[in-house]
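Build out the structure end to end from the sequences listed, making use of the hints.
Protein sequences, first through last, are from chains A and W. So the first sequence is numbered by the working numbering: it starts at 4 and just counts up by one. So the second sequence is numbered by the working numbering: it starts at 3 and just counts up by one.
Source of the hints: derived by calculation from the structure; they are not laboratory data. Treat the hints with caution; some may be incorrect.
Restricting the straight-line Cα-Cα distance to at most 20 Å, the calculated cross-link-like pairs of lysine to aspartate or glutamate (EDC-like) are [to be verified]:
| no. | chain 1 | residue 1 | chain 2 | residue 2 |
| --- | --- | --- | --- | --- |
| 1 | A | Lys-24 | W | Glu-351 |
| 2 | W | Lys-338 | W | Glu-368 |
| 3 | A | Lys-33 | W | Glu-193 |
| 4 | A | Lys-33 | W | Glu-351 |
| 5 | W | Lys-114 | W | Glu-26 |
| 6 | W | Lys-367 | W | Asp-337 |
| 7 | A | Lys-34 | W | Asp-344 |
| 8 | A | Lys-33 | W | Glu-345 |
| 9 | A | Lys-33 | A | Glu-52 |
| 10 | A | Lys-10 | A | Glu-45 |
| 11 | A | Lys-27 | W | Asp-213 |
| 12 | A | Lys-43 | W | Asp-192 |
| 13 | A | Lys-27 | W | Glu-26 |
Next come the chains, spelled out residue by residue.
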Amino acid sequence: MEKEELKKIIYQLVEKSTGKKKLKQSDILKKVAADQGLEKSEVKAALRELMDAGELIFTYFGGSFVEIPPKE
Amino acid sequence: MSMKHQTPLLDELEKGTFPSFVKEIKRAAEHSDYAQDLLGLLELSYKEKVTHWKHGGIVGVRGYGAGVIGRYSDIPDQFPGVAHFHTVRVNQPSGFFYTTKALREICEVWDKYGSGLTNMHGSTGDIILLGTKTENLEPIFAELSSKGWDLGGSGSAVRTPSCCLGAARCEWANIDSMSITNEITQHYQDEMHRPAFPYKFKFKVAGCAVDCIASIARADMSIIGTWKGDIRIDQGEVKNYAQNGMDIQKEIVDMCPTECISWDGSEFKIDNDDCNRCMHCIAKMTKALRPGTEKGATILLGSKAPIVTGALMSWVIVPFMKMEPPYTELFELVDKIWEWWDEYGKNRERIGELIERLSFTTFLKEVGLEPQPAMVKEPRRDPFFFWSEEDIEK
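Following this line, the structure appears as structure tokens:
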């Protein structure tokens with residue numbers, strides 16, 4: 004799978020969970036790796052690119068979660 | 003700069019012979035608005051007996067999910083200087099060694115962008131820079147990075163590993179605690195900066211069982227230097243201690259936790275099979291006793307302070323592991339433990355709590371460790387001999 008496509012899947016998963024359930028990094032790795040038949044390391048690399056680009060961020064509310072940054 | 007707020011309650015804490023944090027904040031307040039309003043906020047908290055801090059939220063530097071702890075005042079209009087008062091954790095060097103130049107660099111960055119207040123060091127070991135605004139975080143990170151510093155861990159991540167002074171200052175270090183700490187830090191950079199776990203995970207490395215870093219009480223994984231074989235005894239030096247006034251019976255023999263030492267006034271004997279390598283005798287008679295020559299570490303797991311549930315002490319999981327670069331055996335073990343924790347751990351559940359919940363037996367099976375007598379934590383708590391369905395002949 005192309006990395007850009009994988010990034011899109013990860014982003015959509017986080018977007019879909021917004022307001023319903025906060026996702027931890029491990030939740031994303033497990034779910035996407037299982038759904039797409041990929042290694043967790045591949046999902047992790049794509050997630051890291053999203054983080055480095057600021058498209059997703061880590062937040063802390065009684066635990067560390069991955070979320071979409073708030074719109075300014 | 004004159005004081006913006008009257009602080010009669012805090013002023014009480016300047017009295018007495020001990021150093022006072024109030025005195026230090028007042029010094030900082032001479033040139034810092036942060037510190038001025040910090041005094042005002044703290045005075046109000048003392049008066050009302052309620053905290054005015056909120057923590058957490060969305061603060062950090064791009065790409066990292068750790069190293070910055072968001073802190074806000076719940077009354078920012080009253081104390082605008084501490085409307086944001088974020089903490090920045092900086093990864094300390096192994097053994098806390100600094101040049102004066104390195105400390106000046108840190109202080110200059112912090113005077114420029116923050117309150118000028120620091121903790122040296124936080125309980126995990128990081129350099130703690132107290133109080134800055136959200137918009138200053140990226141510039142702070144950029145300046146610190148350009149000088150070779152990096153942020154430490156926070157949140158549900160590997161926390162900055164720390165260690166005792168080890169072989170750098172101590173002749174009894176059984177392992178190179180500083181090298182091991184540095185290797186762990188380098189190896190787990192991703193896990194430290196990008197929180198991926200159910201909760202925090204701390205490594206602490208102690209050169210010997212004296213455990214100056216208190217790893218057995220404070221680290222999810224305690225790595226404590228030890229040895230195999232017999233304690234080396236210089237009988238002549240033992241006699242010198244006795245002649246110089248040491249009561250060997252009272253101070254050494256009677257203090258041995260496993261009662262494995264005897265002393266008849268002329269010969270000092272140790273039953274090494276019964277010795278639990280606590281280091282008491284060696285630390286008391288440094289000239290007469292030395293650890294055995296085959297060095298390594300005992301790996302323990304699970305200690306924590308009482309945050310979500312009660313305090314736990316670490317538990318032996320590997321009685322003896324050779325600790326030589328590149329530490330492959332250690333890293334493989336850590337990865338297996340994390341895999342199990344990641345699979346079964348609940349949010350904010352430390353590894354020690356998971357073991358308590360699912361049992362040590364389950365942990366050993368899942369991680370692939372053989373049960374051993376050294377793992378027995380306390381009397382009547384030895385769940386390591388177990389039978390599964392397939393072991394029973396029906």
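Numbers of the earlier hints that this structure fails to satisfy, in rising order: Hints 11, 13 contradicted; others consistent.
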